[in-house]
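Sequence positions in the sequence shown follow this note's numbering and run 110 to 316.
Take the hints with a grain of salt, since some may be wrong.
Here are the simulated lysine-lysine pairs, DSS-like style, with alpha carbons at most 27 angstroms apart [what the hints assert, rightly or not]:
1. K291 - K314
2. K277 - K299
3. K314 - K299
4. K314 - K277
5. K277 - K263
6. K291 - K209
Don't read these hints as lab results, they were simulated from the structure. In this text, all values refer to a predicted model and were calculated from it rather than measured experimentally.
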Amino acid sequence: MSWLEWYGYAGSVLVAVSLMMKNMWKLRWINLAGAAIFSTYGLLIGAWPVFALNAFIVLVDAYYIWQMWNTSDFFSIEPLPPGDQIVVRRLLDFYQKDIKTFFPDFNGTIPTQADVLVIFRNQVPVGLFIFRRESGGLVRIQLDYVIPDYRDLKNARFLYDSQRDLFKGQGFHSYMAVSPVKSHQSYLEKIGFIRDTAHPDHFIKPI
């Protein structure tokens with residue numbers, strides 16, 4: 110099999126993989142990459158319908174990615190009132206399996222002495238932030254979860270930016286997160302957490 114055939118197969122695989130993505134952001138990017146490869150493949154072998162169709166898909170994906178990136182969303186954060194866990198309970202129960210992939214030690218129960226923030230995006234509850242205030246100016250994160258369709262880092266940036274002054278005013282200087290999960294570690298580093306070299310599963314972010 111020639112390298113050109115392998116190249117065409119790679120494009121087909123990426124398109125197929127994109128269709129299994131729950132996250133629209135990832136779906137569009139992976140689909141764009143697959144269509145771009147397959148379009149180039151069509152051009153190289155002189156299959157003009159293949160080239161034209163996939164070039165069109167690339168343009169469509171690029172348009173929607175641009176649209177998603179430039180859409181102005183309305184964010185808000187609401188603390189969980191004591192005794193009122195309906196929204197939080199529904200999120201925890203419905204996304205229990207997905208939460209476990211990122212937080213394998215989280216058992217679905219809100220820890221005692223923990224605070225809960227619900228993240229709303231365009232009035233839709235999309236995320237949960239569960240944390241505990243500790244001595245020494247540390248905010249220990251126990252859950253930082255966003256539902257699959259809204260995982261594009263905008264929620265995290267809003268969360269950490271909006272809470273900065275509040276935590277600083279209370280005398281806190283750092284967030285701390287512990288995670289053995291590679292994908293979550295990557296997320297933490299993308300939003301500014303720094304890995305503790307002495308404890309590779311520990312991450313710190315200055316407030």
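Here's how the hints hold up against the structure:
Under the criterion of a C-alpha separation no larger than 27 angstroms, the hint pairing K291 with K314 is consistent with the structure, at around 17 angstroms. Proximity of K277 to K299 is assessed by CA-CA distance (about 22 angstroms); at most 27 angstroms being required, the pair is judged to hold. With a CA separation close to 11 angstroms, the supplied pair K314 and K299 stays within the 27 angstroms bound. The suggested pairing of K314 with K277 holds, with an alpha-carbon distance near 13 angstroms, which does not exceed 27 angstroms.
With a C-alpha separation of about 22 angstroms, the suggested pairing of K277 with K263 holds against the 27 angstroms cut-off. Using a Cα cut-off of 27 angstroms, the hinted pair K291 and K209 holds, with the two alpha carbons roughly 13 angstroms apart.
Hint check: no violations occur; every hint is consistent with the structure.
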